[in-house]
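Protein chains in written order, with the numbering used here: chain A, 1 to 380; chain B, 1 to 281.
Please keep in mind that the hints were generated in silico from the structure rather than gathered at the bench.
Heads up, some of the hints might be wrong.
Claimed, not checked - To be clear about the criterion: a stretch of chain B counts as covered by chain A if any three or more of its residues have a C-beta under 8 Å from a C-beta of chain A, and this derived list gives those stretches: (1) 17 to 26; (2) 44 to 53; (3) 67 to 73; (4) 162 to 168.
We put the beta carbon where it would ideally sit given N, CA and C, even for glycine.
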Amino acid sequence: MEKRLLTGIHLWQGNEACAEGALAAGLTLFAGYPITPATEISERLSARLPATGGTFVQGADELDSLTIVIGAVWGGAQAMTATSGNGICLMQENIGYACITETPMVVVDCQRAGPATGAATKTMQGDFYTVRYGSNADYAIIALSPSSPQEMFDLTIEAFNLSEQYRVPTFVMPDEAVAHMRERVVVPEHVELFPRCKPTVPPDQFVPWRANPETMVPEMAHFGERYRMPVPGLTHDESGRPSASYKVHSAMVRRLVDKVESRADQIARYEALFLDDAEIVVVAYGSVARSAERAVRDLRDEGVKVGFLRLITLWPFPDALIRRAVGRARKVVVAEMSVGKLVREVERALAGAAVVKLFSKPGISLHTPREILSFVREVA
Amino acid sequence: MEAVQVKHPALKYYQLGSGGDPTLWCSGCGIGQIWYFTVKAMEELELDPDKVVWVGGSGCTGRMCTYWNHDLMHTLHGRPLGFATGIKLANPELTVVCHMGDGETSAIGGNHLIQSARRNVDVVAICVNNFNYGMTGGQFSPTTPLGGITKTSPEGHRERSFDLCDLVKAAGATYVARWTTTHPQKSIKAIKKAIQNKGFSFVEIVAQCPTHYGRNNRLGDGPAMMKLQKEMSVRVGQAADMSREELKDKIVIGEFVSTQSPEYGEILRSFRPESKESDNA
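So here's chain A without its partners, still in its complex pose (with noise of 0.2 Å):
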């Protein structure tokens, strides 16, 4: 048998880091179909896999890959996806599903320029919105985005933490550039893992959708435990029964909503510099946060007093981080492959605490150093 976690240096590229964060993770099931540019996953994990004891399953489309995955883990396994463009699109309903059910699991969005095929080999931020809304009505998701091969690794570990902990599906979405950059990634000695929210009394006492006061999550029994679990798609009470109760509906919707949202200050997840005298703040996340620090460095070498916020956890979005980091900055770039998402949300929690202007590039063409340098020269 393979080992799980290849303790040492590696040269990876960032799809390659992300399988192996999934095994270190402790992955049992992967299901996936062929899509640029997250394919290196599936062909990663089709031979690491089965040799440390796993199950790789290559899906006849998404919707076939993603019921897959969702099946498995509640049959006990530790589950994931990787897809891209279309695929994210097709994947919508079987995420709702994923998020009434509280199913802990993890997917992995390589963003590429689009709308529709876009230009499939090409980077984008396009998908921000379409992870946490693409699916019908109310829910919460987590979304990760990384920066680095490093952080495909560390951040693939830390998305199957997060869907534990809240259990709720967490997404790992990097851009095309991140998914195919290579570079040293560190693998640790050992991996600190969440556990899965086990039954901690008998069946006869199991109330299998009644969420912990605490963290508002329930504990979660697999299929052949004797715990009679009903795993509904249904609007559901606490016994997992259906019902069409505005009380019911309202008292689920909400939790599964709030278990999340209301805890974004714990999960986000970010890297800040020169914030402290900061009169203008350049936001950004993946690939394009690496031009921005290169941007910020040089800009401080000349003596601009800018400071950088990199955005790591998406969503929930950190309303919360985004006021403390601009503080009494009166201007704020956000920098981003797409024509305005993250932008968006930005002003929104800023509500006019600051001027925020955007650099925007829909895809394709990276946001380089030097083209951020001069936004901002000129924005200040």
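Starting from the structure of chain A, add chain B where the hints point.
Quick look at chain B alone, frame taken from chain A:
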């Protein structure tokens, strides 16, 4: 004379409170019969109900799993077989039974059906074929007969219908049978064989929907429709000698496939190092 209270033998598996107590199915509907055929088959096989997962999707048939009082997964329209595949791969000791309506099986879920048959995954698919979408009020499905009147084919259905047993046979299913609700013993036997088959099993059970398909086509109430089903049924052996014209309004019943082929999960597990080692030993 002493009053004897007789309890329905399926009651111990029945979950009250899952909608429309005792069930949400209309009077005369065939779905409840198939619910009973399934638990009867399980009981005759002496299965541990804690190791049986019922999976359903949407529609009248999709609700069958919600009345099962053990492990159940009430999933999405057309997709039970995908979820069932995941459950079975994660825990091969479980018996996974899907109940799906005709529309769910062959329209929105058509790809899940043929892929499951092709893979030969060890899952039981029971298709309740009542020739229309009942829950939404009786629209045509891929199994609605040519000329059949539904809410979306008011002048008579104009599309050719699917023979689902032929479809899954061609796709590689290792157990395939069709019966009707008028054949309870045969249906129970078929479900038993489907559960015992190590591979993908497909049992189509033709059922009456007096509220919609029956009413729209003036076929009478539940019992009248069941009588009709019996009259229209032709055994598979007999059918072999009949012309296409003679079979036009017939329901061919019986066992179409009962064979053995490597099962999907077993094949996948055989690539694990421990299995390779034990193979060498």
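Here's how the hints hold up against the structure:
1. 17 to 26: Answer holds; 3 residues pass the 8 Å Cβ test.
2. 44 to 53: Three-residue rule met by the region 44 to 53 of chain B, so holds; n is 3.
3. 67 to 73: holds (count 5)
4. 162 to 168: violated (count 0)
The earlier numbered hint that this structure contradicts is number 4, and it is the only one.
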